[in-house]
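Novice: Below, each chain spelled out in residue letters.
Protein chains: 2
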Amino acid sequence: MNLHGKNFIGNELTTGTGQALRPVSPLNSEPLEPGFAQAGLADVDAAMERAAAAFAIYRQTSPEQRAEFLEKIAEEIMVVGDDLINRAHAETGLPLARLTSERGRTVNQLKLFAEVAREGSWVDARIDPALPDRQPIPRPDLRRMLVPIGPVVVFGSSNFPLAFSVAGGDTASALATGNPVVVKAHRGHPGTSELVASAIVRAADTCGMPAGVFSMLHGEGAKMGVALVKHPHARAVGFTGSRSGGRALFDAAAARPEPIPVFAEMSSLNPVFVLPGALRERGAQIAEGLKASFTLGVGQFCTKPGLVFGLSGESLVQFQQTLARLVETSPPATMLHAGICESYHTGLKQSKAVEGVSLLAQTQQDADPKQTHGEPVVLRTDVKNFLKQPRLAEEVFGPFTLVVAGQSLDELEEVARRLEGQLTATLHANAEDLKDAGRLVAILREKAGRLIVNGFPTGVEVSHAMQHGGPFPATTDARFTSVGTAALLRFVRPVCYQSFPEALLPEELRNQNSRGIWRMVNGQLSKADVPAAK
Amino acid sequence: MNLHGKNFIGNELTTGTGQALRPVSPLNSEPLEPGFAQAGLADVDAAMERAAAAFAIYRQTSPEQRAEFLEKIAEEIMVVGDDLINRAHAETGLPLARLTSERGRTVNQLKLFAEVAREGSWVDARIDPALPDRQPIPRPDLRRMLVPIGPVVVFGSSNFPLAFSVAGGDTASALATGNPVVVKAHRGHPGTSELVASAIVRAADTCGMPAGVFSMLHGEGAKMGVALVKHPHARAVGFTGSRSGGRALFDAAAARPEPIPVFAEMSSLNPVFVLPGALRERGAQIAEGLKASFTLGVGQFCTKPGLVFGLSGESLVQFQQTLARLVETSPPATMLHAGICESYHTGLKQSKAVEGVSLLAQTQQDADPKQTHGEPVVLRTDVKNFLKQPRLAEEVFGPFTLVVAGQSLDELEEVARRLEGQLTATLHANAEDLKDAGRLVAILREKAGRLIVNGFPTGVEVSHAMQHGGPFPATTDARFTSVGTAALLRFVRPVCYQSFPEALLPEELRNQNSRGIWRMVNGQLSKADVPAAK
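Note that the protein sequences, when read in sequence, are chains A and B.
With my numbering applied, the first sequence corresponds to residues 136 to 669, in that order.
With my numbering applied, the second sequence corresponds to residues 136 to 669, in that order.
Honestly, the hints are just simulated from the structure, not real lab data.
Computed from a prediction, not measured in an experiment: that's the story for all the values here.
Check each hint, because a few of them may be wrong.
Which copy? The list can't say, so a pair holds if one copy fits it or any two copies do.
What the hints assert, rightly or not - Think about it this way: if two alpha-carbon atoms lie no more than 27 Å apart in a straight line, the pair counts; the simulated DSS-like pairs of lysine-lysine are:
(1) LYS582 with LYS365
(2) LYS523 with LYS669
(3) LYS484 with LYS523
(4) LYS523 with LYS487
(5) LYS365 with LYS523
(6) LYS662 with LYS358
(7) LYS570 with LYS669
(8) LYS487 with LYS669
(9) LYS365 with LYS662
(10) LYS570 with LYS365
(11) LYS523 with LYS358
(12) LYS484 with LYS505
(13) LYS484 with LYS365
(14) LYS669 with LYS141
(15) LYS523 with LYS246
(16) LYS570 with LYS358
(17) LYS246 with LYS669
(18) LYS662 with LYS582
(19) LYS365 with LYS246
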């Protein structure tokens with residue numbers, strides 16, 4: 136495969152600062168070719184200027200045109216073929232099967248968002264026709280819908296090199312709703328990023344989209360990312376990564392002369408509460424499910440269950456024994472890059488050193504640093520100690536979980552009340568447990584964006600009802616989701632047209648509902664036409 | 136009327152710091168009785184603790200209970216009767232007729248929001264039933280809806296002592312969606328605030344609501360307001376006021392360990408573009424409408440048209456002559472308080488002193504400082520000068536507008552492109568003008584939340600299709616509205632329930648659609664029940 140290692144400013148390629156970013160394969164710690172040209176501030180400015188110019192055109196494209204564009208991107212990604220999977224494997228160490236399925240998810244997500252754009256009801260059209268005879272004053276004609284917000288800056292994530300990266304959910308959401316995108320490629324997989332960026336640029340070209348609708352820059356420090364967020368043309372930011380990284384971008388965006396929204400998905404421990412009946416009846420099965428979930432993808436999921444609460448007793452002892460046995464035979468595996476692997480080992484070391492924490496189990500196979508190995512580990516403590524040790528409530532990204540023993544349901548509720556915001560919270564419960572679980576569910580609802588009964592939090596469905604976003608620090612804005620079709624709503628804002636002549640109204644708001652979308656007319660949902668004013 | 140001058144911490148009254156806030160009537164510059172007890176940090180803490188405790192109960196109330204509560208508040212406000220109107224008149228100088236109509240708006244708004252809460256579809260329920268047989272992996276059952284966010288801090292505005300104050304749109308939105316409210320009363324109308332707060336407390340009591348569902352504190356500096364925003368239990372903020380005040384609250388909220396959203400409505404010039412055909416055909420009529428709009432409420436509306444653009448020529452000369460004649464005979468009138476009046480005169484003075492600006496007209500009657508008078512004034516300049524002088528793009532709150540002459544439509548488009556964010560933008564155009572107006576409309580759509588053709592921006596309808604909110608600095612979050620039924624969406628967030636047993640699901644998400652709301656099932660809107668899983 137031929138990689139040029141350049142930045143994409145629309146359909147032009149630049150060599151940026153001349154400094155190269157050199158990826159290293161986590162599989163063998165060997166460097167990968169080529170070097171990638173790190174973008175400079177001039178590239179940031181050029182990409183954002185192009186995006187702003189493209190916005191004036193792109194925002195006027197029809198839903199059908201945008202849908203075709205998204206579908207074409209999906210098609211072009213598939214055209215890249217095995218090169219994409221192989222390169223992503225070399226750059227991230229993720230298994231080929233996983234990457235193949237992640238590509239499927241990415242492509243299906245583009246197609247689903249295309250479908251939603253084409254259907255069109257997402258614009259939340261609302262029409263309150265004029266009431267010229269109303270007393271004491273007439274009501275003017277009012278028509279409101281969602282419109283694109285402007286250029287969106289997307290930061291590719293490390294752990295989903297396809298589904299949350301260059302053509303991932305943020306990019307798909309922004310493009311589906313009429314916004315240009317400027318991606319900062321993740322330094323961990325620049326070649327994968329280039330292949331996907333090329334696919335997008337080809338699709339934009341085929342579909343006659345303005346070139347600046349998409350740009351992608353390489354870089355490794357925080358400087359270029361912050362420059363993108365602070366650029367006057369930036370209108371919103373999508374980010375998946377660390378708490379410190381997300382917070383820095385949020386702070387930069389909030390400090391702008393004109394603040395802009397940041398959708399950062401950052402940090403979550405995804406607590407699992409195993410209630411007594413479930414622990415007694417299905418302890419071994421839950422241990423198996425937990426082990427599979429916290430080691431999935433070498434624990435590098437934002438929804439990895441990193442905290443497991445249960446009540447002390449014989450059932451918990453057996454559960455822990457089962458879990459320990461499973462973990463001891465679970466092999467170390469290659470993590471995404473050396474930095475993540477190092478952070479994992481630092482986090483583990485710190486957690487192990489916390490007073491009142493002991494090792495429950497770890498893999499019995501040696502980890503190979505050259506293969507950037509992360510090894511499965513389970514620690515344990517009790518609720519009283521957990522509440523005293525804030526370190527234990529910090530995310531450790533990797534194949535690690537902490538089992539926390541409580542003395543009573545009250546104690547579990549108390550610990551739930553004191554948790555920070557989470558992406559998910561999970562309950563394992565039998566029918567008997569569920570009778571008393573209402574209060575715990577009510578507490579957890581304030582803490583998390585997704586609540587799960589008798590399942591595990593890994594595996595995030597891309598559908599209409601998904602919510603992937605929770606109170607801080609899980610995300611910077613719990614009111615929105617970064618997965619599922621509601622993710623489109625992040626990059627839009629409402630505009631009301633008052634007393635507009637039909638010809639100047641967007642198609643969605645004209646009397647004749649030619650797009651056949653759902654509209655709220657006088658407060659009632661309807662697909663009917665609106666009668667013309669007399 | 137008997138006023139106690141105390142703070143409301145739920146249904147308890149406190150005397151705060153012991154320092155009194157003493158309102159002064161703008162009608163005659165005389166002090167009004169009684170003094171109002173300024174709240175201290177202990178009151179802030181007590182109110183927020185009560186709100187958090189109330190939230191655990193209030194969030195579980197049914198839509199019907201919340202609707203009845205809102206309706207009861209409306210009823211209790213009417214029970215206060217003329218005392219409310221008279222006190223508001225004494226405190227704000229607003230005419231009795233205006234206050235009576237504002238009370239009507241406030242009460243109708245509470246009733247409308249009650250109706251929306253009762254109907255219930257606003258929760259945006261989405262159900263993706265399980266697909267147990269899907270390949271390669273099953274889909275779990277996913278059900279998502281909007282839930283309340285938690286205690287909301289509301290800052291009463293000065294210019295709408297009823298409709299944007301203690302029981303105004305922010306409070307109504309928060310209560311309708313299940314959130315307790317802590318109001319900081321505006322120092323300009325503490326007695327009016329007390330009367331309305333008493334009405335809310337009586338309604339809460341009658342409806343059996345938890346006492347901390349509503350609190351109200353008095354204070355005059357920024358300190359107490361910032362303490363409310365920074366309180367750990369605060370979950371969102373509603374504010375209407377100055378750009379500096381809104382920005383300070385936004386910055387405080389963004390700097391919290393756990394940032395929270397701020398909906399601040401701040402500053403808008405509401406530009407009016409009078410296109411050549413309209414100017415020629417209806418210049419005199421537009422001048423009349425403009426004069427009525429910019430002097431309405433002594434120019435103290437956030438939607439006051441403060442900028443008017445037209446093309447140089449005979450029609451503009453005639454338009455200016457008509458406008459001048461109208462303004463010269465338009466009397467000075469009492470502004471809301473001495474501070475606003477002083478700011479108005481400072482702003483006027485600064486604008487008059489700008490190079491290239493000249494006086495077009497001002498009232499020929501003397502302003503009386505004792506009556507806190509603001510006098511109608513129109514200045515004029517040209518587009519080239521306007522673009523050079525940033526001072527002219529700052530809001531002057533009061534009965535003032537600036538007429539700006541351009542040389543060409545291109546010049547008008549250029550100035551539109553360079554405007555900051557606005558609540559509204561208006562076009563006066565005849566059929567001929569409209570043919571060329573598409574580009575100007577497209578530019579203005581990026582700048583404003585509401586676009587008006589052949590009308591004036593003052594007069595904000597409380598309906599489903601209203602959008603009152605625009606790009607910064609008009610508001611801090613252009614994605615939401617503070618007027619109309621979509622205002623409810625500010626204080627909620629989505630939660631997804633995965634694989635939940637029916638009994639633990641909120642009523643809105645159960646298979647049987649007992650509430651009869653619109654729900655998105657597998658992506659399709661429907662009021663049907665969902666078949667039970669096999």
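Novice: Treating 27 Å as the Cα threshold, decide for LYS662 and LYS582: within, between, both or neither.
Specialist: neither (37 Å within a copy, 30 Å between copies)
Novice: At most 27 Å between CA atoms: does that hold for LYS484 and LYS523 within a copy, between copies, both, or neither?
Specialist: Within one copy, since 18 Å is at most 27 Å while 60 Å is not.
Novice: Quick one: LYS570 to LYS358, C-alpha cut-off 27 Å, is that within a copy, between copies, both, or neither?
Specialist: Intra 53 Å, inter 46 Å, cutoff 27 Å: neither.
Novice: Which holds for LYS523 with LYS358 at a C-alpha limit of 27 Å: within a copy, between copies, both or neither?
Specialist: Neither: 37 Å inside a copy, 32 Å across copies.
Novice: Checking an output row: LYS484 and LYS505, CA cutoff 27 Å. Within, between, both or neither?
Specialist: within (20 Å within a copy, 72 Å between copies)
Novice: Is the C-alpha distance from LYS365 to LYS662 at most 27 Å within one copy, between copies, in both cases, or in neither?
Specialist: neither (41 Å within a copy, 45 Å between copies)
Novice: When no copy is specified for LYS523 and LYS246, does a C-alpha distance of 27 Å or less occur within a copy, between copies, both, or neither?
Specialist: For LYS523 and LYS246, the Cα distance exceeds 27 Å both inside one copy (48 Å) and across copies (48 Å).
Novice: At 27 Å max between alpha carbons, let me know whether LYS523 reaches LYS669 within a copy, between copies, both or neither.
Specialist: neither (71 Å within a copy, 46 Å between copies)
Novice: Go through the copies and call it for LYS669 and LYS141: within, between, both or neither, with a Cα cutoff of 27 Å.
Specialist: Close neither inside one copy (60 Å) nor across copies (54 Å); limit 27 Å.
Novice: Since the copies are identical, ignore which copy is meant and state whether LYS523 and LYS487 lie within 27 Å (CA to CA) inside a copy, between copies, both or neither.
Specialist: Within. Shortest intra-copy distance 15 Å satisfies the 27 Å Cα cut-off; inter-copy 63 Å does not.
Novice: Since the copies are identical, ignore which copy is meant and state whether LYS570 and LYS365 lie within 27 Å (CA to CA) inside a copy, between copies, both or neither.
Specialist: Neither. Shortest intra-copy (51 Å) and inter-copy (37 Å) distances fail the 27 Å Cα cut-off.
Novice: Could you figure out if LYS365 and LYS523 sit no more than 27 Å apart (CA to CA) within one copy, between two copies, both or neither?
Specialist: between (39 Å within a copy, 24 Å between copies)
Consistency with the previously given hints fails for numbers 2, 6, 8, 9, 10, 11, 13, 14, 15, 16, 17, 18, 19, ordered from lowest to highest.
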